[in-house]
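Visitor: The whole structure should be built from the sequences, with the hints applied where relevant.
Heads up: take any position in the sequence shown, counting from 1, add 1091, and you land on the numbering used here.
Keep in mind the hints are simulated off the structure, nothing from the lab. Predicted model, so just to flag it, every value in this text is computed and none were measured.
When the alpha-carbon atoms are kept at most 20 Å apart in a straight line, the in silico EDC-like pairs for lysine to aspartate or glutamate are as follows:
no.: 1; residue 1: K1194; residue 2: E1260
no.: 2; residue 1: K1160; residue 2: E1314
no.: 3; residue 1: K1160; residue 2: D1327
no.: 4; residue 1: K1194; residue 2: E1262
no.: 5; residue 1: K1194; residue 2: E1263
no.: 6; residue 1: K1160; residue 2: E1324
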Amino acid sequence: MILIYKSNWQPKYSFWLSIAVLLLGMAIILLPLFVVFVTSLAPPMTAMGILHPAVWSWTNYLEAWNQGKFLRAFANSTLVALAVTTFQIITSAFAGYALARLKFRGKQIILLIILVTLVIPFQMLVIPIFLVLKWGHLINTYWAMILPTAANGFGIFLLRQYFQTIPVEIEEAAVIDGASHLQILWQIMLPLSRPALVTLFLFTFIGEWNDLFKPLVFTTRPELKTVQLALAEFQDQFTSNWPLMMAAVNISTVPVLGLFLIAQRQFIRGISTTGIKG
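Guide: Structural data, given as structure tokens:
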């Protein structure tokens, strides 16, 4: 009877335990975001806290937008993020397809080298990259923020893994019909790899949008200021005005948050299916 009792109640106990852990994790993640949002609505010069503000001050967002001059910064960050994302998708698609489907000598060594690049911090390469950009007269240009990350080992490995989950028979049928490797990649592989492409797009775009290092090192012109650089300068200027600072933080997060919410289904599908086949 004891064994039957345990077997009947164990699934229910595990279910509620999982729900409790999930709610606890959600609370830990959402509490800082809630504090930031509530503080952004408090009257100016109010101390940071989690209490409900006596007066909702939505004008903090308008003032933060104007004081931080975020319009040009948003345009610069969007341009750089979209350019880097486009370059990474192109380079990752070609390299990933070659490593997944083509047969040539040294393929495994090349794949190993690409994987090794994933553990090398970008900061270790900043001096040679800076010298190359200076030699090419690209310092203080948009290209200085685009070219250093135009190709990425993570994107190549991600698409290579996803391409391997696509049945080879589809490509063999295309070859019989006279399709070239470029046609197979463009007309078959990429349309079937939409979840992986969306995943790569989100990772790259969000990473570039949140990047402060490249604009800080490779540019000094105010007209090339990105969102993160503008936000850092804004925080230095309004150190004691927490509501204004939190409003500026929320403004800088809205684009990437909206982008993730729109593409979350494809993102989850891309993460869950990539790497099934080794």
